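Trainee: The listed protein sequences correspond, in order, to chains A and B.
For the first sequence, this note's numbering begins at 1 and goes up steadily by one.
For the second sequence, this note's numbering begins at 1001 and goes up steadily by one.
Calculated directly from the structure, the hints in this document are not laboratory data.
Take these hints with a grain of salt, some might be off.
To be verified - Each computed DSS-like pair below joins lysine-lysine, with the alpha-carbon atoms no more than 25 Å apart:
{"hint": "1", "chain 1": "A", "residue 1": "Lys271", "chain 2": "B", "residue 2": "Lys1248"}
{"hint": "2", "chain 1": "A", "residue 1": "Lys272", "chain 2": "B", "residue 2": "Lys1248"}
{"hint": "3", "chain 1": "B", "residue 1": "Lys1248", "chain 2": "A", "residue 2": "Lys207"}
The structure displayed is predicted, hence computed values, not measured ones.
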Amino acid sequence: MNEQRPLVQIRNLKKYFPIYEGAIIQRHVGDIKAVDNVSFDILHGETLGLVGETGCGKTTVGRTILYLYEPTDGQIIFNDIDLVSLNESEMRKMRHRMQMIFQDPYASLNPRMTVGSIVSSPLEVHKVAKGKLKRDRVNQLLDMVGLNPDFVNRYPHEFSGGQRQRIGIARALALNPDLVICDEPISSLDVSIQAQVVNLLEELQEKLGLTYLFIAHDLSMVRHISNRMAVMYLGKIVELADRDDLYLNPLHPYTQALMAAVPVPDPDIVKKRVRIILEGDIPSPANPPPGCNFNTRCPITEEICFQEDPEFIERKPGHWAACHFAERFL
Amino acid sequence: MNNKSTLLKIKNLETRFYTEDGVVHAVNGISYDMEESEILGVVGESGCGKSVHALSIMRLIPDPPGKIENGEIFLNDRNLLTISDNEMRQIRGSHIAMVFQDPMTSLNPVYTVGDQISEALLLHQGMDKKEARDRSAELLSLVGIPDASKRLDDYPHQFSGGMRQRAMIAMALSCNPSLLIADEPTTALDVTIQAQIVELVRRLQENIGMAIMWITHDLGIVAELAEKINVMYAGYIIERGLVHDIYKQTRHPYTLGLLGSLPRLDAEPGTKLVSIPGLPPDLIALPKGCPFYARCTFREDQCFEEMPVLEPAGGYEHKVACWKWEKINGSGVQR
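Build out the structure end to end from the sequences listed, making use of the hints.
Mentor: And the structure:
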């Protein structure tokens, strides 16, 4: 596995959703800056974890990489091909190579389709296989995700949440993708089932050499599955590093607070821990504060934080952070 | 902590739902005591009966289809299951208050936050409007909402998720309850907001001294907050004890599995999660023996035949319902 070669390069990616006002004559009055100037790489064969709170833009990043949303600005370079420059039919061909697993296994499977037709639909849409070849592939996929291939004629409602998520995974793997974007794939599942699905994702990665972008708000699960982690806040990536480096030496005050807020299931550690409680809520992405967008909640602000937006730069090898005072924590 | 008197005593509580598909055995004979100003964590996965048991205490089970089949619930020696609806209404709000999971849907969108907090004060405490408004403002600032007297006139949609949950807590505290039941109060919130709410509840408990029952599926939060923990599975309490015993001297294979399923921020890289195979049993057709039999790695024939009773397992008030508990003394946390 060539670990250092990037599979996807994101450069200055922006995705704004326009806000209109007026009933008849619509005026463009502003933008929700869901993703605001984000740059990072996803390396071959790695799992990049993307964490952040509700509304920070992590799902939008995932969907924009797949070109489900058209980016407002920036580049998405997949294996040296800039997706922004492709036309529709070229893009369709690229979609073979990137797939998505969705959050809600209840809403992302059509209740009127059998498991077999759900899993085989990517094969049909992309005209990859038909007839016996298709049926064999579906059986193979179901077997791979730990479902009994005899279930092909059953409907989604006959399955539990964890099993449905397995169906979603089988569908995502049908076309042998290189990149799978997992958008909160476990957050609607019970704890004991979450571990089953995460273990499955890890096995599949090893077997098939997949690259994952794993989007979630559960920090401890993301740290478990990722090689590197990126933390998003209000449309921007504030910190990106190797997962242990990020956990042990977070350079951004938001990452520090986020780590401290994760409940630890161990009463001994709880007693020793330093608690950092952030004040207030996340500001609206339609109207982010000037300067550093974390300045409304940050415990270490100084004047510069209200005037200049800190740059997202490499503070030490492989560790990027966007904070004026990141050097302090080195 | 041994000198406190008993606040809540539950004996052999059974709640069932009569549905078209059959009888759902939601709560299957649970018994435990809660002391005054104790913080109890009730932990379990979806459908383990943790919320139904709390609603049974409040007598808020919709009937039909639900029915409290059996058992007794004593609050300060008063059996809540035998008193009249009117008396029960007095108890709700003034002695026991409840905070629900979803702060988006449990506030009424067409009334101001102030109106909703004052409602209980006008009803239960016999205050006049002015007094109720002052007290509401006081409560809102107590739960950490800045500029409280102005925010009283806001509608719920003007509050963020964390603020709404704070408002719900203010409402629950309005009549100084001796027991606060919090049913997954932070599940819908982000971690940094969750940390704010947990800190708030901890502070309120220290100042006011009410007992708190914190229902959750998150073993992390209760490790931080609770003194004792009930672990529930398929309508049974399968393990109960002090926080330290539950996490460090785990005796039930399900608790052990649950702790093993959790990734840890400080775990060695590359450790695999220990998942529990299979699914929880169908509550309509419960097995006759131990409900965890099908997923258990310690099972023997006896487990299939007979449901184990909750029996003492060494530590202070540590109880476990497993035939094989003596063989299990794990710290589910260290792997």
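Trainee: Each hint needs a verdict: does it hold in this structure or not?
Mentor: These are the hints, each one checked on the structure:
The suggested pairing of Lys271 (chain A) with Lys1248 (chain B) holds, with an alpha-carbon distance near 14 Å, which does not exceed 25 Å. Taken as a hint, the Lys272 (chain A) and Lys1248 (chain B) pair is honoured in the structure, with Cα atoms around 16 Å apart against an allowance of 25 Å. For the proposed pair Lys1248 (chain B) and Lys207 (chain A), the alpha carbon gap of about 36 Å is over 25 Å, so the pair is violated.
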